[in-house]
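J.: Chain by chain, the residues:
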Amino acid sequence: MPADDATPWLDPDQTPLIRFDGVTKQFGSFTAIDDIDLSIYRKEFFALLGPSGCGKTTLMRMLAGFETPSAGTITIGGQDMANIPPNRREVNMMFQSYALFPHLSIYDNIAFGLKRSSMPKEQIGARVDEMLRLTRLEQFARRKPHQISGGQRQRVALARSLAKAPKLLLLDEPLGALDKKLRQDTQFELMDIQEKTETTFVIVTHDQEEAMTVASRVAVMDHGKIIQVDTPPRIYENPNSVYVADFIGDVNLIHGNARSLPDGLASLAWAEGAPEIMGTAGEGLSASAPATFAIRPEKVAISVERPTDRTNVVQGKVHDIAYLGNISTYHVQLPTGQIVKAQTANNRRLSRRSLTWEDEVYLSWTDTAGLVLAG
Amino acid sequence: MNLARRTLIGIPYLWLVLLFLVPFGIILKISLSDIALAIPPYTPTLDLSQGWSGIRDFIAGLDWENYIFLTEDDLYWRAYLSSLRIALISTLLALLVGFPIAYGMANAAPEWRPTLMMLVILPFWTSFLIRVYAWIGILSNEGFLNQFLLWTGIISDPLMIMNTSTAVYIGIVYTYLPFMILPIYATLERLDASLLEAAEDLGCSRASAFWLVTVPLSKSGVIAGCFLVFIPALGEFVIPSLLGGSSTLMIGKVLWEEFFNNRDWPVASAVAIILLLILVIPIILFQKNQERQAEAEA
Numbered sequence: 013m014p015a016d017d018a019t020p021w022l023d024p025d026q027t028p029l030i031r032f033d034g035v036t037k038q039f040g041s042f043t044a045i046d047d048i049d050l051s052i053y054r055k056e057f058f059a060l061l062g063p064s065g066c067g068k069t070t071l072m073r074m075l076a077g078f079e080t081p082s083a084g085t086i087t088i089g090g091q092d093m094a095n096i097p098p099n100r101r102e103v104n105m106m107f108q109s110y111a112l113f114p115h116l117s118i119y120d121n122i123a124f125g126l127k128r129s130s131m132p133k134e135q136i137g138a139r140v141d142e143m144l145r146l147t148r149l150e151q152f153a154r155r156k157p158h159q160i161s162g163g164q165r166q167r168v169a170l171a172r173s174l175a176k177a178p179k180l181l182l183l184d185e186p187l188g189a190l191d192k193k194l195r196q197d198t199q200f201e202l203m204d205i206q207e208k209t210e211t212t213f214v215i216v217t218h219d220q221e222e223a224m225t226v227a228s229r230v231a232v233m234d235h236g237k238i239i240q241v242d243t244p245p246r247i248y249e250n251p252n253s254v255y256v257a258d259f260i261g262d263v264n265l266i267h268g269n270a271r272s273l274p275d276g277l278a279s280l281a282w283a284e285g286a287p288e289i290m291g292t293a294g295e296g297l298s299a300s301a302p303a304t305f306a307i308r309p310e311k312v313a314i315s316v317e318r319p320t321d322r323t324n325v326v327q328g329k330v331h332d333i334a335y336l337g338n339i340s341t342y343h344v345q346l347p348t349g350q351i352v353k354a355q356t357a358n359n360r361r362l363s364r365r366s367l368t369w370e371d372e373v374y375l376s377w378t379d380t381a382g383l384v385l386a387g
Numbered sequence: 554m555n556l557a558r559r560t561l562i563g564i565p566y567l568w569l570v571l572l573f574l575v576p577f578g579i580i581l582k583i584s585l586s587d588i589a590l591a592i593p594p595y596t597p598t599l600d601l602s603q604g605w606s607g608i609r610d611f612i613a614g615l616d617w618e619n620y621i622f623l624t625e626d627d628l629y630w631r632a633y634l635s636s637l638r639i640a641l642i643s644t645l646l647a648l649l650v651g652f653p654i655a656y657g658m659a660n661a662a663p664e665w666r667p668t669l670m671m672l673v674i675l676p677f678w679t680s681f682l683i684r685v686y687a688w689i690g691i692l693s694n695e696g697f698l699n700q701f702l703l704w705t706g707i708i709s710d711p712l713m714i715m716n717t718s719t720a721v722y723i724g725i726v727y728t729y730l731p732f733m734i735l736p737i738y739a740t741l742e743r744l745d746a747s748l749l750e751a752a753e754d755l756g757c758s759r760a761s762a763f764w765l766v767t768v769p770l771s772k773s774g775v776i777a778g779c780f781l782v783f784i785p786a787l788g789e790f791v792i793p794s795l796l797g798g799s800s801t802l803m804i805g806k807v808l809w810e811e812f813f814n815n816r817d818w819p820v821a822s823a824v825a826i827i828l829l830l831i832l833v834i835p836i837i838l839f840q841k842n843q844e845r846q847a848e849a850e851a
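Which chain is which? The protein sequence lines are A and B, in order.
Everything in the first sequence is counted per the numbering used here, starting at 13 for the first residue and increasing by one.
Everything in the second sequence is counted per the numbering used here, starting at 554 for the first residue and increasing by one.
Looking at chain A on its own, in the form it has when it is part of the complex (with noise of 0.2 Å):
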């Protein structure tokens, strides 16, 4: 992949927007944050994934200033943020709760922080109207908080925390108090606003796939350490360890010993007397220890006969169907009790299901379907 300004982190000579350096935050005994090295480029909307307590929402909050890291150093545009406080920062944040001023109006709201800056009367009002307009709320302008709708408020503590244009935009879970309906629509409302002011956003979420629809980086972390940083499709076709590839949508592990191959290629043998699983060699992979596939559902075939045109098969027993009406689940158990899910798209309305509970099927995959991860 050719670098170039969608990808800035595949640039050398670029220079990162946001570095932390050995960042370490400890809270009595406990280590929130573990020793982590992590850069954020210009105009990049990065997201920090992971389950609760894994450290994510700290580090979006040392980066506002809320929190000081113990050891290491966080950099914001070259500059050193050791003893700048969150009101001396170019670092505005979106709040989980939205933290929207009860007492005042959506006007107000969003006119706080041009208040508190030297930005002149007149053109105080002008930009506030221009973060109305953006957000599509002009005509709630005079209106309190508690009189609008939750996906309106939301749209305010965005307009908020835009109207003072700032470096780098922090949003901690901006869309979890919304319903699923509305956070999808807003998912693309947040990338055609990151686009249109060209702000880098950094965004917390838990939801896996609310990153991978906005960001164009993801970092998944878990217990203080950052996994993995990649774009959306390499982190899910790519995951660098069972972690990541368990974390981000629907996978099947099957647990064994690896065997190096030629070609980026290693083989896993599983059970007794059942043929060698070929995948593709994960990252950091060694021969002879404990390894694990990992293929998702969807790169799985199930067909009544055995195809011959595929290198891995197994045989199993329809156990479980799961339709979800674009797609049906097969949860198929093989001889060695283990469950692997395949999952077909229903392409066709009112096809006949050739499939059904107890069936005898045949799984297949190509030898680059899936992954040997080490561990």
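Heads up, some of the hints might be wrong.
[What the hints assert, rightly or not] Keeping only pairs whose Cα atoms sit at most 35 Å apart, straight-line, the calculated DSBU-like set for lysine-lysine is:
1) A:K193 x A:K237
2) A:K133 x A:K192
3) A:K127 x A:K179
4) A:K311 x A:K127
5) A:K133 x B:K772
6) A:K133 x A:K55
7) A:K127 x B:K841
8) A:K179 x A:K133
9) B:K841 x B:K772
10) A:K237 x A:K208
11) B:K772 x A:K127
12) A:K237 x A:K192
13) A:K156 x B:K772
14) A:K156 x A:K179
15) A:K156 x B:K841
[To be verified] Okay, the calculated beta carbon distance ranges per label pair:
16) B:S758 x A:S82: 24 to 32 Å
17) A:K179 x B:N660: 30 to 38 Å
18) B:L838 x A:G337: 36 to 44 Å
19) B:W630 x A:S129: 51 to 59 Å
20) B:W665 x A:D219: 33 to 41 Å
21) B:R743 x A:N359: 47 to 55 Å
Hints were generated in silico from the structure; no laboratory data involved.
Glycine residues also receive a C-beta, built at the ideal position from the N, C-alpha and C atoms.
Please build the complex by placing chain B on the supplied structure of chain A, with the hints as guidance.
T.: Just chain B, lined up with the frame of chain A:
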């Protein structure tokens, strides 16, 4: 509307009629009567055995004489004004003392809050009268405060606090402080900490975040606390008579003296009716504030 609902709504109204309107009517009637050396000590009394002529005589016997008397003797309006002044200043002092305490409580570690709350409520476990008497022991010329200050050498002569309006202020602020602290604490405790972070994030210093966010958002608690102190302080009788001596003029004390020293029930009733009318205004304002707050939270 069915009977069950009418009954349900009727109960509080019945309560109001029995315990407020009926006594109010009786006092209003006495205030329109004349003093008499009799039991009860006023005239006319309703004599229903006389039939219609009895009722006519009764109504003819009522007049506004006592209210006119109140405007003629300057003792009464001076007492009203002095009560208003003392109640206002005490409310202000209670706010100045109570707000920092409530703020400290709301910002204390959560495990400490029930204990602090207990400390605020604890004085209510002792009789109000005993607590006011205790202040006599503290404030009098030979009291603990003067003894302590003389012992430390800060003063060479005892301070004259007892029987001055200062003692009354101390007594009222001390007694009604919990009524100031609790509503303010309730609003401050509910205050979302992320609002202050948002204010800082948008460029406020800690101090300006306090003025722009904490203070306006605790307004309803401050208003509620002020009324809860002002309303009882205006009619206060025990504190000025025990701590204020003869020099402190308060309408509650005048009322007591009219009833029990002069046995002039009609004038005392007129004083009470006027006091009630003065209090109706702040009580209505207080209700308005509570309604607005309930609306904002809905």
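J.: All hints, please: hold or fail.
T.: Outcome of the hint check:
| no. | hint | result |
| --- | --- | --- |
| 1 | A:K193 x A:K237 | 32 Å, holds |
| 2 | A:K133 x A:K192 | 40 Å, violated |
| 3 | A:K127 x A:K179 | 18 Å, holds |
| 4 | A:K311 x A:K127 | 55 Å, violated |
| 5 | A:K133 x B:K772 | 27 Å, holds |
| 6 | A:K133 x A:K55 | 29 Å, holds |
| 7 | A:K127 x B:K841 | 32 Å, holds |
| 8 | A:K179 x A:K133 | 22 Å, holds |
| 9 | B:K841 x B:K772 | 13 Å, holds |
| 10 | A:K237 x A:K208 | 32 Å, holds |
| 11 | B:K772 x A:K127 | 22 Å, holds |
| 12 | A:K237 x A:K192 | 29 Å, holds |
| 13 | A:K156 x B:K772 | 17 Å, holds |
| 14 | A:K156 x A:K179 | 28 Å, holds |
| 15 | A:K156 x B:K841 | 19 Å, holds |
| 16 | B:S758 x A:S82: 24 to 32 Å | 25 Å, holds |
| 17 | A:K179 x B:N660: 30 to 38 Å | 32 Å, holds |
| 18 | B:L838 x A:G337: 36 to 44 Å | 60 Å, violated |
| 19 | B:W630 x A:S129: 51 to 59 Å | 54 Å, holds |
| 20 | B:W665 x A:D219: 33 to 41 Å | 37 Å, holds |
| 21 | B:R743 x A:N359: 47 to 55 Å | 53 Å, holds |
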